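Fit chain P to the supplied structure of chain E, relying on the hints for placement.
Heads up: the sequence lines are chains E and P, in that order.
For the first sequence, the residue numbers in the numbering used here are 107 to 527.
For the second sequence, the residue numbers in the numbering used here are 107 to 527.
Incorrect hints may appear among the rest.
You can't tell identical chains apart in this list, so a pair holds if it fits in one copy or across any two.
Said to hold, decoys possible - In silico BS3-like links for lysine-lysine, alpha-carbon gap of 25 Å or less: (1) Lys151 / Lys193; (2) Lys420 / Lys125; (3) Lys125 / Lys412; (4) Lys125 / Lys468; (5) Lys152 / Lys125; (6) Lys141 / Lys420; (7) Lys412 / Lys122; (8) Lys412 / Lys163; (9) Lys152 / Lys163; (10) Lys141 / Lys152; (11) Lys141 / Lys193; (12) Lys125 / Lys171; (13) Lys420 / Lys122; (14) Lys163 / Lys151; (15) Lys151 / Lys141.
No lab work stands behind these hints: they were computed from the structure.
Small disclaimer: the values here were computed from a predicted structure and weren't measured.
Number of protein chains: 2
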Amino acid sequence: MAEEQSIAQMMQDMGKRAKVAAAELALASTDAKNKALLEAAGALKKNVRTILEANEKDLDYGREKGLSDAMMDRLALDRSRIIAIAKGLEAIAELPDPVGDTIAEWDRPNGLNIARVRVPLGVIGVIYESRPNVTADAGALCLKAGNAVILRGGSDSLHSSSAIHACLLEGLRTAGLPEDAIQLVATRDRAAVGEMLTMTGMIDIIVPRGGRSLVERVQSESRVPVFAHLEGICHVYIDGAADPQKALDIAVNAKMRRTGICGAAETLLVDESAEAIAIFVIGALLDAGCEVRGDDAMMALDDRVKPASDDDWKTEYLDAVISARFVSGVEGAISHVAENSSGHTESIITEDTETAETFLRKVDSAIVMHNASTQFADGGEFGMGAEIGIATGRIHARGPVGLEQLTSFKYQVRGTGQTRP
Amino acid sequence: MAEEQSIAQMMQDMGKRAKVAAAELALASTDAKNKALLEAAGALKKNVRTILEANEKDLDYGREKGLSDAMMDRLALDRSRIIAIAKGLEAIAELPDPVGDTIAEWDRPNGLNIARVRVPLGVIGVIYESRPNVTADAGALCLKAGNAVILRGGSDSLHSSSAIHACLLEGLRTAGLPEDAIQLVATRDRAAVGEMLTMTGMIDIIVPRGGRSLVERVQSESRVPVFAHLEGICHVYIDGAADPQKALDIAVNAKMRRTGICGAAETLLVDESAEAIAIFVIGALLDAGCEVRGDDAMMALDDRVKPASDDDWKTEYLDAVISARFVSGVEGAISHVAENSSGHTESIITEDTETAETFLRKVDSAIVMHNASTQFADGGEFGMGAEIGIATGRIHARGPVGLEQLTSFKYQVRGTGQTRP
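Looking at chain E on its own, in the form it has when it is part of the complex (with noise of 0.2 Å):
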């Protein structure tokens, strides 16, 4: 009870300061921010030793806690691993500033002018798992738009991020930033986890980063808004007027150029009418590797294919496996991404542009896709630079969640002695 109350009173006190610091951060300007992010990209070259010290004690504990080989891999930093992430803060200063842009601008006929202005979000609240990389990428991108960060990382990853934690401070310190503008949570503690969920009127935004489990909690507890994405069921649809060579090069790059992220497609619908590209399709993926769970016709098709059960269609594999049945035409296979989809990315594969706007128009996921990979899920391959995440919610970030989804808004309203009549 005693500690449960120090965590809340931690917390608390965190916030205040986040806030504080998110004040003076609003108004820094671009080159002190840049700065920063550049003075700690090269303590973390500077430091390499120590943090690989710090990860030492982490992967110590981790081995003695037993984690999978799988984990121990996401905890473990080399040298490589560290340069490459003191390189993503370089990339991070070279993006451009979002905080100022002017994002609309008209004049009324009384004259006034009005401008709607991006500011900065406020403070973030930045929840994940074992990757220490996150500390210095999800803590950079805040700062660089101009917003306070309450990072929380995983409890096996607590020295590995506590040393990269170290190196943003110093970066802030001698751009003459506050040092409350990235604070990190030194406590394995899970309530603290709790805490922040609840701090409305502190936290503007929580980001989740991590696995399903992860960002369940999150969604379900938080108070405070969440940008994030439980998870990916993304679609490619095969039309009838499909170019099959097209509809080859996009299914197996959707499903298996990397089959462990969001954007990895889990379900294959193809038309009806379609019956050839598909045996040429499925025939694709089941020779790169790939398991094929599918429909009746679709088993008909070729005998590698599995069947597919009820919950195949609802099921985020992230692994070499795909789930695969025949629709009628395009409105079929609105219907069954409408059901099925978790509202990630769907991709329509035609060479029919209305077939292909029918289906852009009417499918109610944050990115559709016509003739590309839903691979292409990324705010890197958007052109939007580094991003914090995939966000599937409709409220102010959807799909990927970058520096200009990490900004709010003001109206600067410039008159010359105008009163309302």
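Relative to chain E, chain P alone:
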């Protein structure tokens, strides 16, 4: 308990039907939506007598309940008020449809074309008090932006709201749109509000329209994101370089034009160097019938000035009362605002552009003005057409919430067969 369960069930059912209607409405043509609005306006005009009879029942109920004169006035309808409501619907039909607008579009080096396109927000919950006209205004605005809406009016206006709602349904039917697009919670049970506030996954945004206690309850209890402002503690700052006549005109207009609106000024700040202007402006406010509560220096200027307490700097009077104090230049004004403002609207009066720009940049409110009355803080005055309210939050909507703010967006990506390397 059984009653509570049935309210919960009723609301869940309404939520599900709203989601189905929202999916249909998202694809409805502008013509169909406009037809629904115009037919509803026609139905209102045709059914004036029925609506007045329903209103009479509410007024009887209100008299029995002993409602105040002000509340009875808000509740009361007459022919001209009903005609005004109908004209409001016609005006919303005239506004451009935001759905389908391309907000941004760009090409990538690999040839992908990316467009950010406006789509409806989804399902909006509107919780309001005794004014029955909100039924039509809010219903129409949500409809025009392609959203389904669940309206929960004050229990005092249940009959009037139901009669107006029937006209909206007639409009939807005639236009071939789903009646579930505009649903009215037809119960006086307050549990319905509590239920709405927890319907994440069914309701995308809650908009409370009413007094402070309603907004406070919604903001503190809602699990669904909220567009609202709790209060409008708006400031007018008269700089040392202000034009005295502009200062007087704007200060008197900002306070006295209508004292009961959220954009009315509540505090006057004057630069220490502008004592002569202060005498001039304070005198005009007092002469206009405004009570002035000042610091010692203000009291020394005019013996009609009453002493301000500490609370006065954080009070929204919504009445002919203003607090007034001297500050040390624009930085003093910015500090006072940062400490006391509700983040709604603030205005600086000065002929010095540089000082004005400092104020516009540094003050972190939804609307910041230069040489203009705070009473312009209004969607109509901004040229947005009708508004559903003003938001002081930082997420999604800030400032006037009009049609555009009631939309979300999605990305449409058009390719020619691109796969990700």
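Checked hints:
Within a single copy, Lys151 and Lys193 get their C-alpha atoms as close as 10 Å, which meets the 25 Å cut-off; across copies the closest is 67 Å, which misses it. In this homomeric assembly, Lys420 and Lys125 come within 25 Å of each other (Cα to Cα) only across copies, at 19 Å, whereas the closest approach inside a single copy is 41 Å. Taking the shortest alpha-carbon separations for Lys125 and Lys412, neither the intra-copy value of 55 Å nor the inter-copy value of 35 Å comes in at or below 25 Å. Taking the closest pair of Cα atoms, Lys125 and Lys468 come within 25 Å of each other only across two copies (15 Å); inside a single copy the shortest separation is 41 Å, beyond that limit.
For the identical chains of this complex, Lys152 and Lys125 are neighbours neither inside a copy (31 Å) nor across copies (55 Å), given an alpha-carbon limit of 25 Å. For the identical chains of this complex, Lys141 and Lys420 are neighbours neither inside a copy (46 Å) nor across copies (38 Å), given an alpha-carbon limit of 25 Å. Taking CA atoms no more than 25 Å apart as the test, Lys412 paired with Lys122 passes in neither setting, with 56 Å inside one copy and 35 Å between copies. For the homomeric pair Lys412 and Lys163, neither the shortest alpha-carbon distance inside one copy (45 Å) nor that between copies (66 Å) is at most 25 Å.
In this assembly of identical chains, the alpha carbons of Lys152 and Lys163 lie at most 25 Å apart only when taken from the same copy (19 Å versus 78 Å across copies). Taking identical chains as interchangeable, the C-alpha atoms of Lys141 and Lys152 lie at most 25 Å apart only when both belong to the same chain, with a minimum of 16 Å there against 67 Å between chains. In this homomeric assembly, Lys141 and Lys193 come within 25 Å of each other (Cα to Cα) only inside a single copy, at 14 Å, whereas the closest approach across copies is 56 Å. When the C-alpha separation of Lys125 and Lys171 is checked against a cutoff of 25 Å, the pair qualifies neither within a copy, at 36 Å, nor between copies, at 45 Å.
In this assembly of identical chains, Lys420 and Lys122 lie within 25 Å of each other by CA distance solely across copies; the values are 20 Å between and 42 Å within a copy. In this homomeric assembly, Lys163 and Lys151 come within 25 Å of each other (Cα to Cα) only inside a single copy, at 20 Å, whereas the closest approach across copies is 76 Å. In this homomeric assembly, Lys151 and Lys141 come within 25 Å of each other (Cα to Cα) only inside a single copy, at 15 Å, whereas the closest approach across copies is 65 Å.
The structure fails to meet hints 3, 5, 6, 7, 8 and 12 from the earlier list, while all remaining hints are met.
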